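Given the coordinates of chain A, work out where chains B and C should sit on it, guided by the hints.
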Amino acid sequence: MPLLELTDVHARYGPVRALHGVSLRVDEGEIVALLGANGAGKTTTLRAISGMVAREGGVVFDGKPLPRSPEGAARLGITHVPEGRGILAELTVRENLQMGAYLRRDRKGVAADLEQAYQELPWLAERSDQQAGTLSGGEQQMLALERALMSRPRLLLLDEPSLGLAPLIVREFFRLVRELNESRGLTVLVVEQNANVALDVSARAYLIEVGRVALEGESAELREHEGVRKSYLGY
Amino acid sequence: MTLNRGFLVPAGLALAGALVIVLLPFWLEDTNEYRFAFVAAFFIAALGLQILTGYAGQISLGHSGFMLIGAYVTTILSVDHGWNDLATIPLAGLVSAVAGFLFGFPALRLRGVYLALATFAIPIALIALAKKYEGLTGGGGGKSLTRVLTGHEAYMTTWPIAGVMFVLAWLILRGRLGRAFRTIRESEIAAVSVGVNLTLTKTLAFGISAGFAGIGGSLYAITIGFVNPDTFLIALSILLLVGVIVGGLGSLVGVIFGALFIEYVPLYAPEILDWVQRPLGLNLDPKAAGAPAVVYGSILLLVLYVAPNGVAGLLRSAIRILRRRLYTSTGTGPPGQVVPKRREA
Amino acid sequence: MTQFVQQVVAGLGDGAIYASLALALVLIYRATHVINFAQGEMGMFSTYIAWSLITNHGWSFWPAFFFTILVSFLGGAAIQQTVIRPLSRAGELTIVMATIALLVILNGLASWIWKPDEKLLLSPFPTGTWSVGDVQVPQQSVFNLLVVLVCVVLLWAFFRFTKMGLALRSSAVNPTASRLLGVRVTWMLAIGWGFAAALSAVAGMLAAPAQFVFSPNFMQVVIIYAFAAAVLGGIESPVGAVVGGLALGVTINLLGTYLPGQITPDMRLPVALAILLAVLIFRPAGLLGRAVVRRV
Chain A
1 MPLLELTDVH ARYGPVRALH GVSLRVDEGE IVALLGANGA GKTTTLRAIS GMVAREGGVV
61 FDGKPLPRSP EGAARLGITH VPEGRGILAE LTVRENLQMG AYLRRDRKGV AADLEQAYQE
121 LPWLAERSDQ QAGTLSGGEQ QMLALERALM SRPRLLLLDE PSLGLAPLIV REFFRLVREL
181 NESRGLTVLV VEQNANVALD VSARAYLIEV GRVALEGESA ELREHEGVRK SYLGY
Chain B
1 MTLNRGFLVP AGLALAGALV IVLLPFWLED TNEYRFAFVA AFFIAALGLQ ILTGYAGQIS
61 LGHSGFMLIG AYVTTILSVD HGWNDLATIP LAGLVSAVAG FLFGFPALRL RGVYLALATF
121 AIPIALIALA KKYEGLTGGG GGKSLTRVLT GHEAYMTTWP IAGVMFVLAW LILRGRLGRA
181 FRTIRESEIA AVSVGVNLTL TKTLAFGISA GFAGIGGSLY AITIGFVNPD TFLIALSILL
241 LVGVIVGGLG SLVGVIFGAL FIEYVPLYAP EILDWVQRPL GLNLDPKAAG APAVVYGSIL
301 LLVLYVAPNG VAGLLRSAIR ILRRRLYTST GTGPPGQVVP KRREA
Chain C
1 MTQFVQQVVA GLGDGAIYAS LALALVLIYR ATHVINFAQG EMGMFSTYIA WSLITNHGWS
61 FWPAFFFTIL VSFLGGAAIQ QTVIRPLSRA GELTIVMATI ALLVILNGLA SWIWKPDEKL
121 LLSPFPTGTW SVGDVQVPQQ SVFNLLVVLV CVVLLWAFFR FTKMGLALRS SAVNPTASRL
181 LGVRVTWMLA IGWGFAAALS AVAGMLAAPA QFVFSPNFMQ VVIIYAFAAA VLGGIESPVG
241 AVVGGLALGV TINLLGTYLP GQITPDMRLP VALAILLAVL IFRPAGLLGR AVVRRV
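Chains as they are written, first to last, in my numbering: chain A, 1 to 235; chain B, 1 to 345; chain C, 1 to 296.
What the hints contain is simulated information worked out from the structure, not anything from laboratory work. Do not take every clue at face value.
Computed far set for chain B versus chain C, every beta-carbon distance over 10 Å [to be verified]:
#1 VAL167
#2 LEU177
#3 LEU267
Simulated pairs of lysine to any residue, SDA-like, Cα-Cα distance not exceeding 25 Å [as the list claims (entries may be wrong)]:
#4 B:LYS131 to C:MET267
#5 C:LYS163 to A:LEU114
#6 A:LYS108 to C:GLN3
#7 C:LYS163 to C:LEU149
#8 C:LYS115 to C:PRO209
#9 C:LYS163 to A:VAL177
#10 B:LYS131 to C:PRO209
#11 B:LYS131 to C:ALA274
Bear in mind the structure is a predicted one, so any value in this text is a computation, not a measurement. Cβ atoms here follow ideal geometry from the backbone N, Cα and C, with glycine treated the same way.
Isolated chain A (complex conformation) (with noise of 0.2 Å):
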């Protein structure tokens, strides 16, 4: 059973239609990705999942349905980091990070994630307590992953997080996405206008064209699929 299943899902903003029946599935432990063009729906697949924006069609989590606000899909383990990173940024680093643990209730536990998050990014405790709108973009995208991680999440969703950052840091990024997959099997949904950073690092995708699934396939095999290549891969 997929760890979650969206069938036929249509969302809008007001009057205006921006999802017209997506069906997608995310396994545990994979890195799925979704393609597509500025405007295409990609951002807003995300958000009809973490509840941001209306829906009507079936999203299903962990074999039960999902609830339709933010916090409700929050407390059921899905961590999404949304658009330009939603760093809390008056607040500082270690803040940012506690919050990203709010729904936890195991202070140990909280205070050995928060431990861990400084040893793989020890600058993160160099800084801790610079407000987090001081840093860098790259910097702030670090952020918004450890914090999601402090939530302990069975389901990442990322939304476009190489927008606007350098491409050495984009990779960086990637790298430390794909090792805690391996790692930690933790399962990831990505939204990426970057094509190819994106297919590198998901098993599986989707192309995401005006509001509906255009294509769908392994990875690798979307790499070689010839429509792919000259529109978004750009060879």
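Chains B and C only, in chain A's frame:
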């Protein structure tokens, strides 16, 4: 001037309104004509506020101060210097406009809450000054005007001027200045980048808006026959703002509904309370201290829930729903697309 | 010199009341980005509740004080949920208008329920003075200051050290991201309003005895001072609100003492606003506000 659909409805409403205003005196008795004259005065002042807040996006809680200036210019000139009271009206507007223009300068750097508080200072300072310089203004006790008008005279004095001011507002707003105002409201940075002189435009907005309020204040004084500093407390500024928002922010035509609201709802509050409580079987005293205020505030809240964009917003929604029913069929969204041959920008 | 110290202390006592209400305004502004014009009337209404408990039901001051604070907290949260929340999608100006409607309703309701005649609320603190050398320090002012400082420190500790305090700050900073982290942001807003209402109640219950007698309009001057203090300090700065309130209280008191000819009681408010305007011209974001860099 484009005669598109968006223009016809407000124009139609304005004409209908003008017709009603012309015919009303034949139907109303003197007391109600008198009240309607106040509606005209508030209408003009609220038009001014609409220009500043609804179009130029600058909030002001101080317009009662500009009304005060207009009222006292009229009073002092007609009582102490023998001017014909009607002749004082343009000067009242001019003096208030200059005051507003001058206020605009220090206010240039202020925004939002900070600007709102700065405008608070205007009526407070002016009231204190009016009370201090008793020789000129009659101090706290006030000053009576020379002429006392009947309801009908007040109506016939105020409404033609209101009509003129409405047309004037419309002309100002549809021209370059109006466009500049709207640009500033959206984004000051964008306005500068298209060549709007921010300083001049903002101070003009304050000036013009204050001028309107001054004329409203002048007419108010003429109608009521008496001025007193405490008439122009901040509560009056807030009342004008209520009028602008109930009418609909950004709608000139809506202002008339706002003016009617601020004159008549407090007046009929006891009756409304009776009307509400009878089916509920309650026996509250509608004339008790505070009861009319509770009713008025509740109605205001109700209007805000039902019509958060004011009466004008309600009308717009109604028209949009009607249009959709008449002209379109229900669609389900754009058709699908094959994989594009070229990457989109 | 002794006169100076006395007036400073007296000014701090007045300023503490402004500071409490100013802090309430800032709390709500940070959370919802609107000025709650009804903040003073909420404090007034709470004061009437306390008065009623003391006068009509024989309670003594401190039980009535704490009970009123509790009731005010719940009332503030309830108002946010029932009156403000349904309008959260409307423009800011509409929400501000709703707070104005609330102002009118609360004022009318107080007159209706308790009649508009003047009432007496006695301060629990002694009204005498302490002799410190040559100086006569007014006791009530010192106690008022202490009460407010205790409230402020407690609130600060709550926001700084507790999980809910962090969640409240998070909701104010970025509501969407907070929801994605599992925070029930609307509840946080309600709690914010609750704290603001509690602070207003404190302000009211200290102001009523300071004004000797009170009636339904007694907080209207206070809220203007509080508004001035909040803006003076920088509308998003809690520290600014407290410092601004105290500074305003002291400044006005000193001006009234040393320039009695010009600064009559009637002139105090215009002078306060003139000072505020002067500050805003040089620091448009208030003394401690974040200077938003806009080169235009």
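Verification of the hints:
The claim that VAL167 (chain B) is not at the interface with chain C holds, since no C-beta of that chain comes within 10 Å of its own (minimum 26 Å). Distance to chain C confirms LEU177 (chain B) as a non-interface residue, since its nearest Cβ pair spans about 19 Å, more than 10 Å. Residue placement check: LEU267 (chain B) keeps its beta carbon more than 10 Å from all beta carbons of chain C (closest about 15 Å). Among the hinted pairs, LYS131 (chain B) with MET267 (chain C) is consistent with the structure: their alpha-carbon atoms are about 10 Å apart, no more than 25 Å.
Proximity of LYS163 (chain C) to LEU114 (chain A) is assessed by CA-CA distance (about 15 Å); at most 25 Å being required, the pair is judged to hold. Proximity of LYS108 (chain A) to GLN3 (chain C) is assessed by CA-CA distance (about 57 Å); at most 25 Å being required, the pair is judged violated. Our distance criterion of 25 Å between C-alpha atoms is met by LYS163 (chain C) and LEU149 (chain C), whose separation comes to about 23 Å. Restraint check: the Cα-Cα separation between LYS115 (chain C) and PRO209 (chain C) comes to about 18 Å, which is no more than 25 Å; the hinted pair holds.
With a CA separation close to 29 Å, the supplied pair LYS163 (chain C) and VAL177 (chain A) exceeds the 25 Å bound. Distance restraint check for LYS131 (chain B) and PRO209 (chain C): the Cα-Cα separation of roughly 29 Å exceeds the 25 Å cut-off, and the hinted pair is therefore not satisfied. About 17 Å separates the Cα atoms of LYS131 (chain B) and ALA274 (chain C), which keeps this hinted pair within 25 Å; it holds.
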